[in-house]
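> Residues in the sequence shown are numbered consecutively from 67, following this note's numbering.
Worth flagging that the hints you see were computed from the coordinates, not collected in a lab. There could be a bad hint or two in this list.
Stated by the list, open to error - Ranges between beta-carbon positions, derived for each pair:
| hint | residue 1 | residue 2 | range |
| --- | --- | --- | --- |
| 1 | 107 | 85 | 30 to 38 Å |
| 2 | 357 | 319 | 30 to 38 Å |
| 3 | 380 | 108 | 24 to 32 Å |
| 4 | 305 | 83 | 41 to 49 Å |
| 5 | 115 | 169 | 34 to 42 Å |
| 6 | 103 | 80 | 27 to 35 Å |
| 7 | 362 | 166 | 23 to 31 Å |
| 8 | 300 | 77 | 40 to 48 Å |
Unchecked claim - Distance condition first, Cα-Cα at most 20 Å in a straight line; then the derived DMTMM-like pairs of lysine to aspartate or glutamate:
| hint | residue 1 | residue 2 |
| --- | --- | --- |
| 9 | 186 | 176 |
| 10 | 275 | 320 |
| 11 | 187 | 154 |
Don't be surprised by glycine CBs; every beta carbon is placed ideally from N, CA and C.
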Amino acid sequence: MVKIDWDRVGKGVARENERMIWRPYGAPIVLDLEHSAFHDAPISVPWNIPETLAVSVAITGAFFRRSQNPNQPYTPEEIRNSARECLEAGASTVHIHVRDDEGYNVLSLDRFEQVVAPLKKDYPDLSVDGCLVPALEGEWAEMKRVLATGLLDGAPINTTTTYIGDSLFSKPAPVMIEKVRLILENGGIPEIAVYTDADVANADRFLIKSGLIKGPAFWLILPALPGCSPMENPRQMVEGLMRTVTTIRDVDPDGVIMVCAAGRASMYVATLAAAMGLHIRVGMEDTYWLWPHRDDRIQSNLQTFELGAKLGEVLGRRVATRQEYTDMLRSCAQG
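Based on the provided sequences and hints, a complete structural model is requested.
Right, dumping it as structure tokens:
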């Protein structure tokens, strides 16, 4: 058991006359957060955090079934209406996948047109990115048809090979490189989508060092899904996101970075990203949970946008307008 020398403590208290030591050299100011009384240089300046927060809403994605979240949009009409709700509420942009009649992800020009064309007609300042991942025979040609229409302003390039859940998900380097060329050829913005810090190295090796993509580039960080950067607790979340962000900054110091509310980390990783001055993607593509400490299912994409907007309000960052997001995306145009 630890013993305290109370006699010595008492003598020390008496020696100090029962008082703290206080020398107010800056009087009459007690504490100044911005200046010192001894010089005129600022000691604290505002952080370099963007005033605006781009909030993208990923409407349905490719992963989740209605058996996992009964609210998951499937049909072009459901996807379009959900996107419209978010845009009406002030979302900066929407990210679009389309699904087939069975609810599985599909690459279909007709379905993309059903979703995106009416939205662009109603919101002329809207930029839309869509997921074009050829996985089945004939989808590469369909991807080229979608790109040729100019319907999409950007498309992700996944620079990864991983097991996403129980499925092997791999982008062969030649396919990755050729897809970037096609996006650029059709006037789109390639968005580098990374699941781990190793994917940043892949992007640097194949896309940046080759000169195909020049900074500043647009980056999407998708963590926390099984097979992505693990975020099974707050420490992993903070360390994992910091690691990926700093790795991106090493190869593209001025790149635009958007972080997806994904997996169990969900809105917590979006909160961290917004506090770091990054931009966020919410919605029903990358998770069906609202928060990591509970099992509440997402009710709608609008619900996630409203939470994202509230994050911005709490952090003093207003949601970027559609035009501001468009300008942000175009700042990453290549050539």
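> Each hint: holds or not?
Each hint, compared with the structure:
1. Evaluation of the 30 to 38 Å hint for residue 107 and residue 85 yields a pass: the beta carbon distance comes to about 33 Å.
2. For the pair residue 357 and residue 319, the supplied restraint of 30 to 38 Å holds, since their beta-carbon distance comes to about 33 Å.
3. The supplied range of 24 to 32 Å is met by residue 380 and residue 108, whose beta-carbon atoms lie about 26 Å from each other.
4. In this structure, residue 305 and residue 83 meet the distance hint of 41 to 49 Å, their C-beta atoms being roughly 47 Å apart.
5. Checked against the hint of 34 to 42 Å, the pair residue 115 and residue 169 passes, with Cβ atoms roughly 40 Å apart.
6. The hint said 27 to 35 Å for the Cβ distance between residue 103 and residue 80, and at roughly 33 Å that hint holds.
7. A hinted range of 23 to 31 Å holds for the C-beta pair residue 362 and residue 166, which are about 29 Å apart.
8. At about 45 Å, the beta-carbon gap between residue 300 and residue 77 stays in the expected band of 40 to 48 Å.
9. In summary, the hint linking residue 186 to residue 176 is supported, as the alpha carbons are separated by about 15 Å, within the 20 Å threshold.
10. At most 20 Å may separate the alpha-carbon atoms for a hinted pair to count; residue 275 and residue 320 meet this at roughly 16 Å.
11. For a cut-off of 20 Å, the pair hint linking residue 187 to residue 154 stands: about 14 Å separates their Cα positions.
Comparing the model with each earlier hint shows no violations; every hint is respected.
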